[in-house]
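Chemist: Protein chains in written order, with numbering that gives the first Met the number 0: chain A, 0 to 482; chain B, 0 to 159.
Treat the hints loosely; a few may be bogus.
Said to hold, decoys possible - To give an idea of the interface, some chain B residues facing chain A are shown, with a C-beta separation under 10 Å as derived from the structure:
#1 Thr-73
#2 Ile-74
#3 Tyr-100
#4 Phe-151
Said to hold, decoys possible - Covered by chain B, according to a simulated footprint, are these stretches of chain A (three or more residues, beta-carbon under 8 Å):
#5 193 to 200
#6 226 to 236
#7 244 to 250
#8 312 to 326
#9 359 to 372
#10 393 to 405
None of these hints come from the bench; they were simulated from the model.
Just so you know, even glycine gets a beta-carbon here, dropped at the ideal spot from N, CA and C.
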Amino acid sequence: MAEQNPRLELERFELREPDRYRFELDRREFLGAGLLLTLFITQEAAAQGNGIEARLHLGEDGTITVLSGKIEEGQGARTEIAMAAAEELGVPLARVSVVLGDTARVPNDGGTWGSATTPRTIPAVRSACASARGILGQSGHKSYAELAKAGGKIAGAVPAKVSLQAVSEWRILGKSQARPGGEAIVRGAHEYPSDVKRPGMLYGAVLRAPADGARLESVDLEAARKLAGVVAVRDGEFAGCAAATSYEARKAVAALAASARWSTVNAKVSSENLYDYLKQNPGRVRDDVKGSPGTAAGQRIKGEYRCAYIQHAPMEPRAAVADWENGRLTVWTGSSNPFGVRDALARAFSLSAGQVRVITPDFGGGFGGKHTGEAAIEAARLAKEAGKPVSLRWTRAEEFAWAYCRPAALIEVEAAVEGGSITAVGFCQLQFGGVGAGESIQAGEHAAPVYRVRIAAAAGIVPGAGVDGEQLRARGVHGRTGC
Amino acid sequence: MPVYRFEVNGQARSVETAADRPLLEVLREDLGLTGTKYGCGEGQCRACTVLVDGRPAPSCVTPVRNVAGKRVKTIEGLAGDGALTAVQRAFLEAQAFQCGYCTPGMVLGATALLERTPGPSEQQIREGLNGHICRCTGYPRIVAAVQLASRFEREAESNG
Chain A
0 MAEQNPRLEL
10 ERFELREPDR
20 YRFELDRREF
30 LGAGLLLTLF
40 ITQEAAAQGN
50 GIEARLHLGE
60 DGTITVLSGK
70 IEEGQGARTE
80 IAMAAAEELG
90 VPLARVSVVL
100 GDTARVPNDG
110 GTWGSATTPR
120 TIPAVRSACA
130 SARGILGQSG
140 HKSYAELAKA
150 GGKIAGAVPA
160 KVSLQAVSEW
170 RILGKSQARP
180 GGEAIVRGAH
190 EYPSDVKRPG
200 MLYGAVLRAP
210 ADGARLESVD
220 LEAARKLAGV
230 VAVRDGEFAG
240 CAAATSYEAR
250 KAVAALAASA
260 RWSTVNAKVS
270 SENLYDYLKQ
280 NPGRVRDDVK
290 GSPGTAAGQR
300 IKGEYRCAYI
310 QHAPMEPRAA
320 VADWENGRLT
330 VWTGSSNPFG
340 VRDALARAFS
350 LSAGQVRVIT
360 PDFGGGFGGK
370 HTGEAAIEAA
380 RLAKEAGKPV
390 SLRWTRAEEF
400 AWAYCRPAAL
410 IEVEAAVEGG
420 SITAVGFCQL
430 QFGGVGAGES
440 IQAGEHAAPV
450 YRVRIAAAAG
460 IVPGAGVDGE
470 QLRARGVHGR
480 TGC
Chain B
0 MPVYRFEVNG
10 QARSVETAAD
20 RPLLEVLRED
30 LGLTGTKYGC
40 GEGQCRACTV
50 LVDGRPAPSC
60 VTPVRNVAGK
70 RVKTIEGLAG
80 DGALTAVQRA
90 FLEAQAFQCG
100 YCTPGMVLGA
110 TALLERTPGP
120 SEQQIREGLN
130 GHICRCTGYP
140 RIVAAVQLAS
150 RFEREAESNG
């Protein structure tokens, strides 16, 4: 629904999973979407403004809140953002609290990936906070609380040139600092997405296909509905249940599974023939050749390297709690891409992005594997049916079978060496999913006078790795190879 | 459905539930104790570790009927609202967590380890916590935290 903001740079290697579900709409919902799009754009524009107020809130009670669209999954963004803010504001670290990944409150800083928080977000936080410090200085007030009480405003655009604290003057940055909220973690009190509880909440479970690509032909919802307190729904390829406990929800889904009929799938690929399959089905191929590396003189050295499909395996599997209220949807979930999940929810339910709020509690690891919002969409579909909030926590088995993988790849490298010089280089990288081929393909000319570089992106064969070459490009599905 | 009575963090509890329901889900969904984490559902990652009569047990594969009449301690029961235990203080001081999702299981595993092996060697810590998975791979700090906890306990003893 939303165009990508050109000011936000997507990591080119990023895997972005195609929408998994197409829910049916009723006509009223369909007609509603266009009108609200306008509101969404306006809200979006405001949220992405570079005004200080989008980044920083000063309370009259002395609280200082820094806002960012980045998220915390154990990599330390919360600590680092608090450090940068405290440094530039000139206050102790403990005075700063940080709100992350709440799409209704924070500016869209893009997804948390590509190691971009430090080079992109931290400078934005520092500039906004340094501007605030400047405003405080000019106001004559002694503290931010006093300024806030006096009705002073920390607002307006962050000037292009802001005077930042000199590195030599740093009190907080550049030194190890304890992670904010650490005590809640050791007490077991930190609320992860799996732990979020809402009044009247049910627990959900989803009917999974017996194989990737199998299609649900029929299912008997009554088999589940006759169990006490069970809500069951089928919508296109989606079917699932919600109940008072996850135990009952699983039992209900087992009842659905017993009656479900699936179209069969003929698997073409297995672990045994994965790399042969890649060679035979390289997909979209890009070649860059100079000279004839095959006939270059010298001793030849060859190597073949294989990267398996690998799960990201965060400790906390995908989890989401969805709560509908008057047609508006709030979802608590663990994703590195809260605004992307918000937009995916809006697409799935034909809402404007302004009707969807995604809140991202600090979650239990992602490792590049939680850029998508499958659990959020599934929880929301169940909650919509139930008319109550639903918590959906993927099992480990679901996480391993249905979460997207780091794509598999085959890399063949060959070089010819004569008289201590490399005379020719051959480099062939075949992989499922796209690749940031630009750098690799241009590397040839630096490596040797004669070279052949081939980069190929095949259609993915496991969930999340794409469907075919065209769709890979159209949907921007990429996967990182990096063995 | 049958009713099971057991003690949780020093309080008598009774739960009417299916006999084969995992203790983990009873703790989290019925008793509101979400500090205990689901990681694998197969007793393979120890994120769900609780103490049953003082011994670490993977609550995800412990049917609730197995704890009838027993004492269960979860992460919430270590310090309650009061001062942190030596192990909790040590994990905090050593910053022995990143995402922190494995921490409750680690803390309870370490608590049981120090109980049965006071003053453990590094090797004993590594063996004692073997099976507790930290995907953020913060193991060196976790080992350091257990060593620090051991020191805290020794100091408390010599002062007391």
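Chemist: All the hints need checking, so say for each whether the structure fits it.
Modeler: Checked hints:
no. : hint       : in the structure
1   : Thr-73     : holds (7 Å)
2   : Ile-74     : holds (3 Å)
3   : Tyr-100    : holds (3 Å)
4   : Phe-151    : violated (13 Å)
5   : 193 to 200 : holds (count 3)
6   : 226 to 236 : violated (count 0)
7   : 244 to 250 : holds (count 3)
8   : 312 to 326 : holds (count 5)
9   : 359 to 372 : holds (count 5)
10  : 393 to 405 : holds (count 3)
In the structure shown, a violation is registered for the earlier hints numbered 4 and 6, in ascending order.
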